[in-house]
Each structure stands twice: as structure tokens, then as C-alpha cells.
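Which chain is which? The protein sequence lines are A and B, in order. In terms of the numbering used here, the first sequence opens at residue 1 and continues consecutively. In terms of the numbering used here, the second sequence opens at residue 1001 and continues consecutively.
Just to be clear, a hint being listed does not mean it is correct.
Quick list of the computed label-pair ranges, beta carbon to beta carbon [as the list claims (entries may be wrong)]:
id, chain 1, residue 1, chain 2, residue 2, range
1, A, Asn114, B, Glu1143, 26 to 34 Å
2, A, Lys78, B, Val1023, 32 to 40 Å
3, B, Leu1017, A, Gly164, 28 to 36 Å
No lab work stands behind these hints, which were simulated from the structure alone. A virtual CB, placed ideally from N, CA and C, is assigned to each residue, including glycine.
Chain residues, written in single-letter form:
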Amino acid sequence: MRDEAQNRRKFLKACAAAGAAGLWVMLIPRPGAAQRVHHIDPTLQTPDWMDHYYVYVIDLSRCIGCGNCVRACKRENKVSEKFFRTWVERYQVTDEDHVYVESPNGGHDGFTGNVAHGKVTRAFFVPKMCNHCRNTPCTQVCPVHASYQSPEGVILVDKKRCIGCAYCVQACPYGSRFIDPRTHTADKCTWCYHRITRGLLPACVTVCPTNTRRFGDLKDEDDDIRDLIHGARASVLKPDLNTEPFCFYLGFDRAIR
Amino acid sequence: MNSYQHLVRAFALIAILAISGAVARASLVPDSFGKWGAYRAGHIDEERERQPLISADDGCLECHEKQWDMADGKHANVPCADCHFLDGEHARPLKGDQSLNEFALAESRRNSEMVFKSLFAAMKEGWDQDDIEKLSLMLSANEWGMRVRVYRGEPVIRQFGEAIAARRVPKGDEDLRKALAQGEESLKIEGERDAEVARYLYPLKVDAVCLECHTRARAGEINGVIELVYPLDRMKLKMHTKLADMPIDRSREACQTCHRYLNSRPEKHPQVKDFDEHIKKGWKADMGPVDLGSPCLRCHKAHIPSIVKKVSNA
């Protein structure tokens, strides 16, 4: 019995010593550990990455609801049928403050008729899309890091990583994500990342006939968009959620949700 | 010693788990993961490599400078891509004549060669410059308004004397001087919009055939310059037949970009009753209430006051 007890004590001592040693080992900084943190190592940058931070501005008082942007987006990004990366909503507010919102086929074919009951006192179109938030709810919930924010502030989805769990679709408060039925992965607006990195404008901005949609680079000192953002009384969608969207709206209305 | 076997077993288990974990991680996590942040860095490159489809107007301007100026007025702010759905196919330059300038240049060269052939025939008959002046006047009396003039070059002046007054080089005409001195071909489009003329200078370089009569000229010198001046309208017409080959969407769909509401309730908009007729006539006086940005607002101001204000300010 005594031998056994002594052995057990020895064993426990050895275990404690090994555990303590293990703790000390964990304190030694390991190479590569810093990289795993979300900060980006400046030495790893491709040259132009840190020179841009993109921003999108929508002037609601200019939109005529033609649906050009929706069609252009479909063509440019080959968006799945019945789904939209960007869409246009029509708001009709009556004198009794009832708000009627519709977006037939995402505004792809324009708007016809009148859905409101009662006397419409104001009506306007609201183009919507991914807001490319700085504080993104959607990327935070992605279990496989398929959804992420590029260094320029664009939220992208890596379709090869995406497992189609649709957490992000639920997490997005703006409804700008959907599961593409062809690939069974999440899909969303990329601000036409392949265009903007070539110095082009996103497809929707390119085709807008009334200059409702504007796109710019906050880090470009000559870009008019800086003055617009800082000078105009721009609002964002659902500011109470603290998502810090980088898609600003001019001529906002209290009825917009 | 027996008790240490527990320790060995435990560490062996941990080691196996750690190794299998490491192997699994290495096989499951993509190579470029974590390079820029907590995502697969390769995806950014994949996303960047996608080719743009919708063309920006700047791209059109490169070749279609003239069309750019023509597309003025009500459609000034409408991007090209709205009607000319420019995708990958369209962005390719057309074969051969890409722009009005190139088109005009090719046309001018052809005409100049014709003029030269007439001149050559006349010269062989031994016509002097008065006769050639008459010939150029005759050539100028054509129904599409092309004016032909022939200027005498240095070698010809050496041999046959100064040019007559009507064919002297006007002072300050740099293009003509350059064409005569250095043999520089030039095509310039001048004049007001809708009344533009093209001025083309075709230098006649001396070659073996010329030397048979122009004995005092040397090969490579400039015997003279043929000047063609003609209105551009004709060119534009030809250019448009070229453009017609391009897949321009002039169908209902394209027009509805802005004129959607007029079509959506035709019974309320009698002015656009016959749509096809309307297209044939062109977008002119019978357009009805059309104004860029406010197709509906001319009549329906009451509904959307904020837009009206903005549009009238813009």
C-alpha cells in the first residue's frame, strides 16, 4: 500500500511538473502567431491595397426607378434568376402615414401601377444592395472564413470555401445576401471588385442615367466623393445596428427601412 | 515503474492527436489562407481576374469621338451602355474602319487616287496648268460637294514656272506647306457641329513614271498636293451603316430605360400610341412629356415633389 501511495505521489508530482512546464512553453512567442490576428502585415501588401478605401453614395432624390442598375448587375455578374445583388424598392407614403414598399422582380422591369391605398403624399425609389459595413455582422458568423473584408473595405465571399450554411444570410440586417441555387453558396454584391480594381466603376454606377449611384475612393484626395460624404447630410440604413455601412444615402426619408 | 506507463500512454495519445490534427489541418486549410487576413488570399486574385462586361463610356470615347459629340441634347447624360448594351463582344473594335477618322482617311485616299488618275491622263495629253485648273473645277462640280484643288510642288515650279494665282499656296497654311515640303499626308476635320468638313491633303511623290516628263524632278520629291474638302455628313451616313452592324438594342426594351412609364399605361398616354411608328419617326417633336430624369414628372409633379425639385436644379 505504501509503495503504491508513494508511486501515486511521484506520478502526480511528475504530472504537475509537466503541466507547469507546458504552461511556460505556451508563453514563448511562436513565429507566425501574429499573422493569425486580423491585422495585415504591411510587408505582405500588394502595392495598391492600402491606397484605397471605397465608398458608395446613393442620391435618393435622383432615382427614377428605371432598373438599369439591376439589369446591368445581372449581366455583369451573371446573377442567378429571381435573385438580386442590387435591387430597387419603391416607397409610397400616404397622408395617413401608411408606407407601401414594393420591389417587383427587384425593379428589373421597372414599376407599374399603384400599390398604395389612399392618397399618396410622397413616393420615391430606394436602390439597395450590400452596404459593405465596416463592422460586419455577416463575416463574423461565417464558420469557415469564406466571407471576409478585403483591405479596401469590400466584403467578398469565397465561393470555394463557402459551405452554404446561410448563417450570413440570416445575419445580414439588410437582406443583401442570398444562397445561389446554382452553386449552393452565399452570393452578394462585390461592388464589382473586378472592375474597381481595374479603375472602372461598378456596373450599376456605369449605367445609371441620372447619376443617382456614385462610387468613389475615400483615400483619393481628388475624388469628389470625399466632399460629398463630409459635406452632405448623408445617412445610412439602420444606423442603430452600429454596422457602420459604407453605402451612404443622400435625401433620406424617415419611412425608409 | 508501472505508474509511469500511464504518463507514457497519455503523452502518446496527445502526440497522436496532435499529429493527426496537424495533418488534417494541413490538408484542409488552403495554402494561401491567412496571408492577408483570416481568409483565403487566393480568392482576392480570383475575384480580381474576372473580366468586366459592361463597358464604361470612356471606352466608347476612345473610338467614337464623333458619336460622342453627336449624342447631345436630351440623351447627353444617358450612358452609352444603356442602349448600346456593350458587353464583351461590343468592346472589341470593329474590323477595319474603327472610327470616323480612319473611315474618312480611307475614303479620302481612294478619292485622291481617282483624282490623280484623271490628272495623269490629262498630263499625258500635254495639258498645262490652266487646263488642269479647269479639270479640278469640273471634278469639284459633284453632287456631294467635294472640292478638288491641285497645288504645284517645287520640282514642277522649277521646270514649268510659278503656279497661277488660283493655285498658289495661301499664306499661313501650315498643313499645306508641310505636305509640299515633306510629303506629309493630313486629314483634318474642321468647322461647326453639323456642318463639319474634312480637309485632306494628298502629296504626290515623284516616282519613275513621273520622271518620264518631269525631267527636273528627283525621285522622292513632292511634285504637288491634291486637296480634297468635303462635308462630313456623307461620312456620317456611311459610318452609321457600319454602326448598324453592331448589336445596338433599339428595341422597346432599350427605350423603356427612360420611357417606361409612357408604355406601361398607353391608354393614359395617347401621344405614344403607335410605338413602332414612333421609333421610325425618331425621337423628336412627338416625344410627349420626356425629359431626362423626369419622364413622368412633367405631368405628375404632385406625386414626387422632391424629385422635381432636384431635376429642375440639375
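Going through the hints against the structure:
| no. | hint | verdict |
| --- | --- | --- |
| 1 | Asn114/A with Glu1143/B: 26 to 34 Å | violated, 57 Å |
| 2 | Lys78/A with Val1023/B: 32 to 40 Å | holds, 38 Å |
| 3 | Leu1017/B with Gly164/A: 28 to 36 Å | holds, 30 Å |
In terms of the numbered hints stated before, the structure departs from hint 1 and from no other.
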